[in-house]
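**Q** The lines below spell out each chain.
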Amino acid sequence: MTDTPVLDVRDLRIAFGAGRKAREVVHGVSFTVQRGEVVAIVGESGSGKSVTALSLMGLLPRGHGAVTGGSAHFEETDLITLAPEPLRRIRGARIGMVFQEPMTSLNPVLTIGRQMTEGMMAHGRVSERQAREAAIAMLERVGIDDGRRRLGQYPHEFSGGMRQRVMIAMAMMMKPALLIADEPTTALDVTIQAQILDLMRTLIAETGTSLILITHDMGVVAETADRVVVMHDGRVVEEADAKTLFAMPGQAYTRALLAAVPRLDGAVAGAVARPAGREPVVRIDSVSKTFGGRTGTRALDGVSLDVMAGEVVALVGESGSGKSTLGRAVARLLDVDDGAILVDGHNMAEMRGATLRRARARVQMIFQDPYASLDPRFSIGRTVAEPILIHGGGGRREASERAAALLQRVGLDRPMARRFPHEFSGGQRQRVAIARALAAGPKIIVADEPTSALDVTIQAQVLDLLAELRDEQGIALLFISHDLAVVRQISSRVAVMRSGRLLETGPTEAVLGSPRHAYTRALLSAAPVPDPAKRGRVRVTVAAGSYPDGPLVEAAPGHWVAS
Amino acid sequence: MAELSGAVPDYDHEIVPPGRRAHFWRRVAFTPNGAFGLAVVIVLIASAGLADLITPYSPIKMGVGPRFLPPNGAYLLGTDEFGRDLFTRIVYGSRLTLMIGAIAVGISLTVGILVGLIAAYRGGWTETILMRGTDVLFSFTETLIALACVAVLGPSLKNAMIAVGIAGIPFYARTCYSAALVERSKPYFEATIAAGAGPLRLLFLHLLPNVLPTMIVVATLGLSAAILAAAGLSFLGLGAQPPDPEWGAMLSGARDYFNRAPYLMVIPGLAIAVTVLGFNLLGDAIRTALDPREGSE
Amino acid sequence: MWRFLGGRIAMGALTIFVTTIAVTLLIHLVPGDPVQIMYAQSQGTTPEQLEEIRHNLGLDQPIYIQYVRFVGRLFQGDLGYTIRGHQPVLDVILQRLPNTIALAVAAMAVAILIGLPIGFFAAYKRGTMVDTGLMVVAIAGVSVPHFWLGLVLLLFFAVELGWLPVSGTGPLNLVLPAVTLGLSNAAIVARMTRSSMMDIMRQDFVRTAEAKGLPKSVILSRHVLRAGLIPVITMMGLQFAFMMGGAIVVENIFAWNGVGRMAVEAIFQRDYPVIQGFILTFAVVVVFVSILLDGVYALVDPRIRRS
Amino acid sequence: MTIRTGRLTRTLAAVAAIGLCSAAAEARDIVWARYGDIDTLDPHKATSTLSLQTWSLIFDTLLATDKDGNPVPNMAESWTVNDAGTEYTFKLHDGITCHDGSPLDATDVKYTVDRAFDDADPSVTKASWGPITSAEVVDPLTVKLTLETPFVALVPFLADSFSSILCDSNEGAEGFGTTTAIGSGPWKLVSWTKGDKITLARNDDYTNFGKLAENKGAPYMDGLVITVVPEPQTRLAALKTGEVDIAEPPFDDVAMLKDSGELDIVVAENTGQNVFWEFAVHRPPFNDKRARQAVGHATDAAAAINLIYGDLSLPEACPVSRGVFGNDQDVCLEYRTNYDPEKARALLAELGYGPDKPLETAMLVWTGGNRQKLAEVFQAQLAEVGIKADIEMMDIGTMNARVRQENETAEGKGSMDMMTWSWYDPDILYALWHSPGAYRGYTTPELDAMLEKTRVLTDPDERKAAVQAVFKVLLEDGIHIPLYTPGWEWVFAVRPEVEGFHVAPFVYPVFNDVKIAED
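Chains as they are written, first to last, in the UniProt record's numbering: chain A, 1 to 563; chain B, 1 to 297; chain C, 1 to 307; chain D, 1 to 519.
With the rest of the complex left out, here is chain A (with noise of 0.2 Å):
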């Protein structure tokens, strides 16, 4: 390393809120970043780890946020103390920002050339001409194509992936010495974020450009990162070396942080092989479903699956795959176009009016956001115990002495029924909604992304308390993930799926051990894995429409893979 950090950051504190109400929310944090240097700050939630990256380029919301001590000097500069010009005149051009929301951080009415190259004429180098040439070979450094084309475009004639890449190459056009890069790929499906990070590691190794990387993700991290600042609740709890931290961490909180992130390699907690059912309890036979007429997406392409009583079966594949469609149609929260979803031998798709509202008892959900999933206008006791009463399951108060009950199962004090869910944490709701799902008395529970809003740790509590439900009353779960390695930690099967067609389903240890289809390989390798040592493996690309995705064949007992 060299002498002079890139960045110096000091007993950083930032406050939201002014006068009386002034709440500081980032303690004094301090870090430095060598030149060409990735720096993780990693984090849960509420650690501070975004506000101190944006409050470094002077970008804090107004009147939210400000800070109130330290300095961050950046080649010799404080930014913290710049007066706002000279400050404008370091963004963008000395130091650069990608953000997560590709979707969202480009101007919609405005073309992608005008973006890319407002920037560097702003700071005043160069011609229009020059911008736009500049514009164009790092469109093709980041993997665009037909550059002098694309500048004409809009964004919404990019994906997502697209985006990024747009950002990225908008971030580095102007060299900057050091790129903040704020969830660069939380936003992004699991292929498409291990291309960026591949991109993101060799542009910054070719140019010599600092890397400050903001994340939750330890996989990230270990894919990433030179070295680590693990931040909570506004404090530095850690700094060291990528690999030092992932093999030998100093801290309680990192050690328990760590602890926490399911993995895709060594030993396998919850996937047990254990003995399912004879009969199936949900039978989904060659559903499938178009939405927006004739000519619209194919959701779900005939697909067919069964889930036994007591087992755990995960579906799992990127956005658009069509897996949360299934979970609903399971659900039935919306009517399929063809085949029969066959609920403890009732076929829930045929069914209407009040027998549907009887027959629901024996499918429940649980959804992936856990604010929106609870009537904010009912206490949770009377949230808990509206299925017993819509289910005739006595009077109110056999119904609310059972939801005192339930609440108390999952973990949730008898007094916390006559509480509202704001006063609720995420992971606390999310415990109400399963709670919810078991009034009912249910013979299966759909389970869509039931932890991807949660902080790891809680995650792992949350998952946690779903095994233990299984064990205990033989429920079944669909459990629906985009994250192989929480799959692997509580499913016993595993379907994997893509444009609405399932790819490959067996058991858990043999489709993530020994994937057959190309496309699970591919899901696979792009995982990050919070292994430093493991970085740098060979990724699997499979481009759409090069993979078969034909009727399932049997390849080895109870492992079908699409032919």
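Wrong hints could be hidden among the right ones.
[Said to hold, decoys possible] Restricting the straight-line Cα-Cα distance to at most 30 Å, the calculated cross-link-like pairs of lysine-lysine (DSSO-like) are:
#, chain 1, residue 1, chain 2, residue 2
1, C, Lys125, A, Lys21
2, D, Lys464, B, Lys61
3, D, Lys464, D, Lys289
4, D, Lys373, B, Lys158
5, C, Lys216, A, Lys175
6, D, Lys413, B, Lys158
Hint data in this document are derived by calculation from the structure and do not stem from the laboratory.
Assemble chains B, C and D onto chain A, guided by the hints.
**A** Using the frame of chain A, we list chains B, C and D on its own:
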């Protein structure tokens, strides 16, 4: 007739949880706008309720004083062309104004909520018919619908209230619909469907309570629009008829005397403006309190 | 884009279709015998004559036949005859319509010229006293009844100062009604603009622009204003409809010879063919303008233009 | 912002002033502002005073009225009646020309009469023409009208603009009544912008034979513009700024204007206008004459009109107003129900009404002329004795329909209305109260007989007695309770530089003598 409806129904459906209601009202009352709005509304309600006690004369009896007497000690706001006490008439007018607002908004709100909720809940053809119909009516603007209603029903205060009420339906239906659509797409609603809840439970225990805060904001702002619209109709002679001390009608009647007694025109106009401003500020304050994006907090 | 415009045109056609039905029904919703009400002017019309009039108006036919006839005549530009004076309704309306449109357009110009900059500025200064102050003024603006504002302006500028003519229909006469109608709508435009601009200022792409180190003026003019104006344009169609609606009142104050004043007179005179014609004309104008603005919108917003 | 607006408007005002000056330099028109527009230029298609006044400028009539309201020769230099009173022969002046240059002769008169009696599309005032069976061209300057029965009111009718003589060149002319109106009156139609203004130009060929104007030739001024300015205060402002020369002022400002001398006030006399109460007599409560009388006794018309119109209007005791044949205040005062609230209360008590049970009725009033204010005063007066009247304002046409509808309805609460009629002859009472009655109101066989008599008696004294006998019935039974005269559009404020403006009987403003002094 000023259409407040010009503001798009874009309220954030952030909900005030039951436990925070007291805190919420404090947030409304402690902003200058909210305090002013609340004060106006309280004064209005008080004057409507206590009209018999606080007014010295009869609102319709002529010749309780000389004609065209400018504001003075005995007749606080002066007397009108018939020697009636203007203060008394303004106070009694507040009663009519509140009634007009309440009834007109009551009609708009009830029908609007029903249409919006059912359209959002049922979807499909019901939704298409109801909401396209609403769009059609909406493009007509409230003024025209109110005018058409009066053309059919004939000019009277009662008909003006009905007309303004009907005219407001599209706006309320739209707002309720978009609010209900947001709620309907939230997982808790789907979870309740999955729990086997029937349409009535879904509509009235889940959807309605969750759109209600939005609708209350809209109704508060809508009150001002309704009052203004009804006053406009009365001004044109299509609403309140004599001797009702309706402000718009009073203002209209005073036009003939604006040389001689300008206060006759100024005072009812101010009464309307302050009342409408009060409801607008109150509605705005409630909205700000509900929508964290708006304020600086 | 053509699909978008096609949808809008279809919606417009639907609006006009619904209007024709409403207008046909209108006359039947009137309590009492419309023919008697309409023709009471004539001295000693006998029941037989009334029956004949009813027949001539087709009111003795089943309602769907009346509707078909009405639409048939509509296509020939025949809106019937006024009760008062027996004039072709279409002529009566067409003679006044340009005045109303002129008023609405001028008022719209006033509203935009005043409302847009204020809204933009308030959004820029959001959360400050300036913003609060401007918005209170805007709320006060929508709270002042425009029939009152009109009278006050009339008193002051025309009667007291004598700068402008007090009544009538001409270019100079347009100033006061346009300002009256424009001012109260300027407040709405200001609020609309502010909320649209604030939405944009909260967008991620504005932060991107800031992160690029663009000067504030460039961010505001290029990124915020452009994107923020698009929703404002979409609201303009509705705004124009409001102007047309507001014109009904304002025309009556300033004796501006437009269709709004005509409509109010017709209501007092129970001249139903005129009322029918007015509603229909109103619908056609509003639909036409909103389709026009949708066209502008489609051209301005690349997401629609290039789809 | 205020400052900027100010500067802007001033600039605009300056620009416009230049425009106005150049226009004014060419010709000076008389500008007459009224509250509303005409319905049509076709005298067979409307009845409003606004329309009549306009027709009287464009068209001429066979006869005219003198200042007392009596018929005198006009375009017809003389006329004769046969003994049976069923044939009227009119001799026309020679050399009268229509606006299009064609001569006005007997064929034009026949054209007009035939048009009024056209079976397919008769005049809306067909009944007032009387029982005419034919119009005959005897020679180019002689025309004969034949009647089925005698009709003494024909002569005054032919002096009124309802009988405007239309030139037969209007036949087949495009847009008659809208863009075309060819007459032989002192003014020619230039254009009519509906809702805004009517522009007239001097008819240079005009000769005044009998109209009330000193000027025997064409008007002095080049043009006459009749504009529509609905608001009284706006009209006043326009008068003050000189935008308008003649207009009806706000009543409450008349005294002030008179005192200041800023504007001249012209009050029309002999308007023939009669404002009166009438009732829906076929159902309770007004089927009982005591209820009607109670209204009469509760009404203090003198006080009310004094409050609203000051000394501009007069209480009227007779069912036809001053200046109309048969009017005699003393005779009528004897018969009519005079203001006596005690008596009203007593009558109401007899009928079972009291303080806790007011007599409820609708009070229909037509818009304009401050009548809504007057109605409010009457409403308060009636309230004093325990009659609760709900005012309903409407257009006159609507009110005509409503009144008839109320008379034809057997159910519902009481209905009374402040009706207004303006006519040049007591024959109006025939139209109103002879069965079936204009509004299907009060009729009896006895009254029918009495009214028929008033139509055929040619001796003035006999006819007067018959007319006053009708008054007695109408007044005593509280059928037609007169309130005041004149009643609408009869006060004119005139700019001081305007000379020679006056108003002929039955509210016909005359502009033939008008000269406007140069500033």
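**Q** Taking the hints in turn, state whether each one holds.
**A** Going through the hints against the structure:
Straight-line distance between C-alpha atoms of C:Lys125 and A:Lys21 comes to about 22 Å, which keeps the hinted pair within the 30 Å bound. Distance hint between D:Lys464 and B:Lys61 is unfulfilled; the C-alpha atoms sit about 43 Å from each other, more than 30 Å. Between the alpha carbons of D:Lys464 and D:Lys289 the distance comes to roughly 26 Å, so the proposed pair stays at or under 30 Å and holds. The hinted pair formed by D:Lys373 and B:Lys158 meets the criterion: a straight-line CA distance of about 21 Å does not exceed 30 Å.
Between C:Lys216 and A:Lys175 the CA atoms are separated by roughly 22 Å; this keeps the pair inside 30 Å, and the hint holds. The suggested pairing of D:Lys413 with B:Lys158 holds, with an alpha-carbon distance near 17 Å, which does not exceed 30 Å.
Checked against the numbered hints above, the structure breaks only hint 2 and satisfies the rest.
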